[in-house]
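Colleague: Residue numbers (this note's numbering), protein chains in the order written: chain A, 1 to 509; chain B, 1001 to 1305.
It is worth saying that the hints were derived from the structure and are not from the lab. Please note that the accuracy of each hint is not assured.
[Stated by the list, open to error] Below, computed lysine to any residue pairings styled on SDA-like, alpha-carbon distance capped at 25 Å: (1) A:454 <-> B:1292; (2) B:1292 <-> A:280; (3) A:454 <-> B:1274; (4) A:454 <-> B:1091; (5) A:376 <-> A:387; (6) B:1292 <-> A:281; (7) A:66 <-> A:256; (8) A:376 <-> A:391; (9) A:66 <-> A:335; (10) A:376 <-> A:359.
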Amino acid sequence: MTGDDPTEGARSISGSDPISGDPGPGPGTLAVSPLGIGTDEWVAQHETRTTAGNGLGARVTLLWTKLPAAVRWGLPLLVFLLFPVVVSSGYLLRIGVNLGLFALLALGLNVVVGYAGLLDLGFVAFYGCGAYAYALLSSDQLGVHLPTWVSVPAAVLFTGLIGLLVSLPSRRLSGDYLAIVTLFFGQIFTELVLAGDAVSLPGSSDPVDITGGANGISGVSGWSLFGFTFSGNRSYYYLVLFFVVILVLGLSRISRTRMGRAWRAIGEDPLAAAAMTIRVNRLKLLAFVVGAGIAGLSGTIFAAVQVGVYASTFDLPMLILLYAAVILGGSGSLPGTLIGAAIMSLLPEVLRQPNYSELLFFVGLIAGVVWILRPKIAALVIAGTVALGFGINVVLLAVGVPYLSADEWTKGVIGQLLGRWLFVPQERLLWGNVAFVLLIASVAVFSRMRGRAKLWFLPVLLWLAVFVWMVRLSTESSLTRQLVIGSTLVVLMIARPQGLFGRQRVEVL
Amino acid sequence: MEFFGQQLVNGLTLGSVYALIALGYTLIYGVLQLLNFAHGDVYMVGAFIGFFVMIGLGGPAAPIVPVWLMIMAMFLAAMLGSGILGVLIEQFAYRPLRNSPRIAPLISALGVSLFLQNAVLLLFGPRIRDYATTEYIPIGSGFSIGAIRIDPMRILVVVLSVILMLVLVRLVNRTRFGRGMRAVAFDREAAVMMGIDVNRVVVLTFFCASALAGAAGVMVGLVFFNVSNFMGFLAGLKGFTAAVVGGIGSVGGAMVGGLLIGLLEAFATGYLSANLANLISFVALIAVMLVKPRGLLGRSAIVKV
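Isolated chain A (complex conformation) (with noise of 0.2 Å):
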């Protein structure tokens, strides 16, 4: 999807590569595939095989990637542009401004995780870092009010700095080890943020207020550029579009020069690429420092949108959705990250609102059905699950267990649709708690089931789904939006562990 060449990554782990100046074995010795040396043809188009004109997704991929690529990407961009011309509601400018801020951070934590194949955990405290940095620089805290053009460089270096500090154990320790670090590394920065209210400096004899604890800094100033002072989020808005439309040329430029492909090459095996030549410590170190300043310079931004930093912010739940955000567009891909970053930062805002969750939830339902089943299959399995809807509905009422009626438990259109569908007890929670469980225990079940006994249970799955989401989830609208989080993470996972827009990565045994 980034437009390059679908084999580059292959070919940059194997001999005929610039990156070595290696000019590789000559046609004699072997017969060279067209995807390069060790590289199984079948193997290598895998995905390609399995996704090709399969259901309604595959065509429509294939007609985006035909269009040619200043449109594929001047459209979202202008669509941006004249996103806050259309929209004059501060909160949704409010949301824009996030979604750039993640995109931002999705883009720095891409070049860490997604290039260079670090396992960075305490990118969030980069983050961090960067915002405490320039609230320091410009507020009250400290009484300083440096001007932009100094405080702004000067936040990103000093993360920069940290991250280089960070990163220097990388030299020794690999994959693992290196997450385990800067894991820690996150929650030390979280522990001395919260500390940081009282430093017993040598000079003074009173404990000094740095960070201000838990009740963070306030009163941050904006940024001021050129005589042009930034406030409302409106001009941040543009502020931020701007860093990520230089990042995503930047990035798209740099994943094509030597730099980007050894980055690329140490992400699949460190030490073919040692073996190529490539100095692997230096250009680790690189990636982290980079990753480490783009957090930094969101941080700056976040801080200065926010008009205050608060510790809470830089912990692990927005670490959790970041690497949703790259690993569910497909680490290493632009396009993906991108995308990945706008689903992860409106996801929570959308499941806020109790009718657009509910909404997104049946059109997910719905749409996940049609998408992954062939049509005809589809039809029946919601005719399915209608039907078991109204017969649940009859049996429960012959019974005569007390119920809600539709009036009191649903607005909107949907409830209006589902008031005679859905049998809603009257004991809310307790059902909606047993529910929950069952639901839970189906899916096991569900997902060790073979063949056509799936299908039939699909329907008992899809009501118990909507049973929970309608009596259970839809009242806590913040708990819910946490437990859609964390199964669609395991979920993708299992679905597609490349991510939505990566490519499946080729393994030579």
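Please build the complex by placing chain B on the supplied structure of chain A, with the hints as guidance.
Modeller: Relative to chain A, chain B alone:
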């Protein structure tokens, strides 16, 4: 001296809980090279199971069975329940990803962790549950060495975790299953060729690891009283620290690491401040990682190409 002794007792108690959690991390890492970030939440679920068994048996104020029987039932139920939960997590979230890139099971584990925390919150509400151990174990009971008072629950925790660890060590070193486990940990492909059923080994490993976490959950409830749905994260992180400090993948290392982190935390809380306790154990971890990247008792990895 008295204060020191009291902190020592606290540290040992805390340390044995961390050691049990760390053993779970280490076992799973040893067999699957998987960082099971959902482990802390399995521990939390164990604490909840223990709590509800206690309520089911009449509650802390008026248990319908003798106290020792009640405590035993709590431990057994929590271990069994957590064990089954662990096996389910493995089957559902990790098994399909066994041959995926390393990052996939990690993300899946984070997803499971998020899901478990919020599922428990949804089912049982945000209220912090109180084990109220003092209702049936009088505060003055136990015995004293000099001025240091040791209450019976702490003794129970330390003794029980030592017993569990001994059982585990025997299981790993002396039984057929343990031999299979070590073989899979050493080289999974070779183990398959030798006719070892890897899936069975993995399932049993997850069961053991999660059962230990469940026991740790009940222990924390008995000694420190409060359980909540968010307790898993920090405890999981501490257990993980312990496992890494000791050398992840090494059973002995997990015990040493657990005790070390527990003692460190107790003394940091006692002599410095409670705020800094977490910070100190995390800094200790990074220091150990920098000096001995494989942990205190870990084997250095020889990578064959």
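Colleague: So, for every hint listed, does it hold in this structure?
Modeller: Verification of the hints:
| no. | hint | verdict |
| --- | --- | --- |
| 1 | A:454 <-> B:1292 | 51 Å, violated |
| 2 | B:1292 <-> A:280 | 22 Å, holds |
| 3 | A:454 <-> B:1274 | 53 Å, violated |
| 4 | A:454 <-> B:1091 | 18 Å, holds |
| 5 | A:376 <-> A:387 | 16 Å, holds |
| 6 | B:1292 <-> A:281 | 19 Å, holds |
| 7 | A:66 <-> A:256 | 21 Å, holds |
| 8 | A:376 <-> A:391 | 22 Å, holds |
| 9 | A:66 <-> A:335 | 15 Å, holds |
| 10 | A:376 <-> A:359 | 24 Å, holds |
Of the hints listed earlier, those the structure fails to meet are numbers 1, 3, in rising order.
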